[in-house]
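Work out the full structure, taking the sequences as your base and the hints as a guide.
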Amino acid sequence: MTIMKPSREVGIAGYGAYLPRYRLPGSEVSRVWSEGEDESPVVEKAVAGLDEDAVTMAIEAARNAIARAGIRPQQLRAVWVGSESKPYAVKPSGTIVAQAIGATPNVTAADWEFACKAGTETMQASFALVGSGMGDYALAIGADTAQGRPNDALEYTAASGGAAYVIGPRENSLAYLEGSYSFVSDTPDFYRRAHEHYPRHGGRFTGDPAYFHHVEGAARHLMEELGYTAKDYAQAVLHQPNPKFPARAAKSLGFTPAQIETGLLVGRVGNTYAGSSILGLTAVLDEASPGDRILLVSFGSGAGSDAFSFVVTDLITERRRKAPATATYLARRREVDYAVYARYRNKLLMH
Amino acid sequence: MHIPRQWRTRDQRLSLMGEVCPKCGVKLFPPRDVCPECSGPAKEPFALSGRGAVYSYSTVYHAPEGYESYVPYTVALVRLEEGPMVTAQLTDVDKEQVAIGMPVEMVTRKIAEDGEDGAILYGYKFRPALEAGAAC
Ligand SMILES: [Zn+2]
Chain A
1 MTIMKPSREV GIAGYGAYLP RYRLPGSEVS RVWSEGEDES PVVEKAVAGL
51 DEDAVTMAIE AARNAIARAG IRPQQLRAVW VGSESKPYAV KPSGTIVAQA
101 IGATPNVTAA DWEFACKAGT ETMQASFALV GSGMGDYALA IGADTAQGRP
151 NDALEYTAAS GGAAYVIGPR ENSLAYLEGS YSFVSDTPDF YRRAHEHYPR
201 HGGRFTGDPA YFHHVEGAAR HLMEELGYTA KDYAQAVLHQ PNPKFPARAA
251 KSLGFTPAQI ETGLLVGRVG NTYAGSSILG LTAVLDEASP GDRILLVSFG
301 SGAGSDAFSF VVTDLITERR RKAPATATYL ARRREVDYAV YARYRNKLLM
351 H
Chain B
1001 MHIPRQWRTR DQRLSLMGEV CPKCGVKLFP PRDVCPECSG PAKEPFALSG
1051 RGAVYSYSTV YHAPEGYESY VPYTVALVRL EEGPMVTAQL TDVDKEQVAI
1101 GMPVEMVTRK IAEDGEDGAI LYGYKFRPAL EAGAAC
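Sequence order for the protein chains is A and B. Each residue of the first sequence is one higher than the one before, counting from 1 in this note's numbering. Each residue of the second sequence is one higher than the one before, counting from 1001 in this note's numbering.
Check before you lean on any hint, since a few could be wrong.
Each pair of labels, with its calculated beta carbon distance range [unchecked claim]:
#1 Glu1065(B) x His195(A): 33 to 41 Å
#2 Ser1056(B) x Glu9(A): 48 to 56 Å
#3 Ala1047(B) x His351(A): 53 to 61 Å
#4 Ala1129(B) x Lys251(A): 37 to 45 Å
#5 Pro1072(B) x Trp33(A): 28 to 36 Å
#6 His195(A) x Ala1132(B): 36 to 44 Å
#7 Tyr228(A) x His1002(B): 27 to 35 Å
#8 Leu348(A) x Glu1131(B): 29 to 37 Å
#9 Gly254(A) x Arg1005(B): 53 to 61 Å
If the Cβ cut is set under 8 Å, some of the chain B residues that face chain A in the computed set are [to be verified]:
#10 Arg1005
#11 Gln1006
#12 Thr1009
#13 Arg1010
#14 Ser1015
#15 Lys1043
#16 Ala1047
#17 Gly1066
#18 Thr1091
#19 Val1107
#20 Ile1120
#21 Leu1121
#22 Glu1131
With a Cα cut of at most 25 Å, we get these calculated SDA-like pairs of lysine to any residue [to be verified]:
#23 Lys91(A) x Lys1095(B)
#24 Lys1095(B) x Asn346(A)
#25 Lys251(A) x Thr187(A)
#26 Lys91(A) x His1002(B)
#27 Lys1027(B) x Arg72(A)
#28 Lys347(A) x Ser1069(B)
#29 Lys5(A) x Met134(A)
#30 Lys1023(B) x Trp1007(B)
#31 Lys5(A) x Asp136(A)
#32 Lys322(A) x Gly1101(B)
#33 Lys322(A) x Asp1011(B)
To be clear, the hints were calculated from the coordinates, so they are not data collected in a lab. Predicted model only: the values in this text are computed from it and were never measured. Every residue gets a Cβ at the ideal spot worked out from N, C-alpha and C, and that includes glycine.
This is how it looks when you write it as C-alpha cells:
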C-alpha cells in the first residue's frame, strides 16, 4: 500500500472559508491589454483589499474553522499556514495567526510552501500529528494573495482567498478521512525565484506533464487502493487554476459535471493558489449530507498532488451553521476596475 | 507604533483581548487593570466577542504618517456588545454605507506598515457583520 492512513482515525472537526470583498472582472484585464479582444477564462477573480494579506485571510478562515469545530484555541497543538505570498520572507505567518486566534504559546507554528499545494500539505501533516496522538487538534490553513504579471495570461486568474481546517479525532469530525495519497515529481512548470515579484511559467507545458499527470495520477491511485470508482463519490474537488483543467481531469477520471459543480468556484473567484482546492471543499461541505463521500485533489507546481477521500458524518448539519457559508463570501462582492485593482495589489510605482 | 509597544499590546490589538472585573463583572477595553466602576483591581483577561454597533463615525482623507496608503477610510466609535466603546477603522465598506447603529464585527487587518522593509502592524478593525450559517 502506498496510500496513507494514520493508526488513529482522524477527520475534519471544523472548516472555514475566506474570500475578500473585491472582484476584478476578466473583461477589465482584457480591456486594458487587448482592447477587449482576448477572452478571459473566468468571469471575475477575488482581490484582496488594501489592508489584507495572506496572514489576515488565514486568521479569518481560522476563526471560522474553530467556531465550527467548537474547540478552544488552546486545544490546538499546531497552527500551520501554507502560502506562496507570505508577508514576510523571514518571520513566520504561523505565529501571527496563532497569537490572533488565541492558540499561543503551547503550539507548534510554521509556514509551508509548495506553490498551490501548500494548503493540503498542512492537512497531510495535521492528519499525521493527530493520527500519531501527538495532539488532539491541529489547524491546517492555505491562503494566498497571488500576483500575476501584468499582461500575462495568469493575470486573469491569480486571486486572493483561503480556507482553514481544524483536524481532529474521527469521533469529533464532520467528515472523517478514509485515506490520503501524495504524488510528486521534479517538474519545472511554474516557479518564482527568490526576491522576484512575479512568477514564470512554462505556458502550454503546464498542462499535460504537470497538472493532468499529477492530479489524475493521484486521484486514480487513491481510488484504486481504496477500491472505489468515481461513482462512489457524491462530489469531487480538484485544484482549479482555470475552469478547463479540473473539468477535463474530472471527465477523464469518470466524474460527471454535476459531481464537480458544487466545489468549482474558479469562474467566480479565480485561482486562490494554496486556497484553491480547499476553498472548493468548504463549498461542498456547506451543502453535503451525512454519508456523502468526497474526493479532494490538490495540485502544486514543481510539481505534485495530494488526494484525500472523506466521508461526511452527522455532525455536519449542526456545525456548518456556526460560521458564514462560502456562498455568503461569494455574495459579498464589490467590483473594481483595473485602476483600483492596480492600487490594491500594489502595482503602482509610488517612489 | 514602536516594536516594544506593538509586542506588549499584541493580544488586545490582534484579538480584542480585554479584562473583566472579578467583583462587579464590568468588561474593560483596552485593558487598564483597574475597574472604572468600583475601582477594584481588574486584571482577569477577557476575550471580547468582537460584535458591536457603530456609535459615531468620521471619514479620514488626510491620514497621519504610516496610514496614508489607506485613505480615504472611515474611523468609528464602536459600542461593543459587552459594553466597552472602541475607536477603530472600518473596513470592507463604502463610506456611503456607514450608518449609526450599523452592526459590525471585529476583523484582524493590516493597520500600518513601517515602509517596504519594516514591520507590519496588524490589529483590529470592524466591518459590516456577516451572518453565520445559511448563505445570504
Ligand atoms: Zn468592578
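Evaluated hints:
no.	hint	verdict
1	Glu1065(B) x His195(A): 33 to 41 Å	28 Å, violated
2	Ser1056(B) x Glu9(A): 48 to 56 Å	53 Å, holds
3	Ala1047(B) x His351(A): 53 to 61 Å	40 Å, violated
4	Ala1129(B) x Lys251(A): 37 to 45 Å	41 Å, holds
5	Pro1072(B) x Trp33(A): 28 to 36 Å	29 Å, holds
6	His195(A) x Ala1132(B): 36 to 44 Å	41 Å, holds
7	Tyr228(A) x His1002(B): 27 to 35 Å	58 Å, violated
8	Leu348(A) x Glu1131(B): 29 to 37 Å	35 Å, holds
9	Gly254(A) x Arg1005(B): 53 to 61 Å	59 Å, holds
10	Arg1005	16 Å, violated
11	Gln1006	11 Å, violated
12	Thr1009	12 Å, violated
13	Arg1010	6 Å, holds
14	Ser1015	5 Å, holds
15	Lys1043	18 Å, violated
16	Ala1047	7 Å, holds
17	Gly1066	13 Å, violated
18	Thr1091	6 Å, holds
19	Val1107	6 Å, holds
20	Ile1120	6 Å, holds
21	Leu1121	11 Å, violated
22	Glu1131	7 Å, holds
23	Lys91(A) x Lys1095(B)	34 Å, violated
24	Lys1095(B) x Asn346(A)	22 Å, holds
25	Lys251(A) x Thr187(A)	24 Å, holds
26	Lys91(A) x His1002(B)	18 Å, holds
27	Lys1027(B) x Arg72(A)	21 Å, holds
28	Lys347(A) x Ser1069(B)	13 Å, holds
29	Lys5(A) x Met134(A)	15 Å, holds
30	Lys1023(B) x Trp1007(B)	29 Å, violated
31	Lys5(A) x Asp136(A)	16 Å, holds
32	Lys322(A) x Gly1101(B)	24 Å, holds
33	Lys322(A) x Asp1011(B)	24 Å, holds
Consistency with the previously given hints fails for numbers 1, 3, 7, 10, 11, 12, 15, 17, 21, 23, 30, ordered from lowest to highest.
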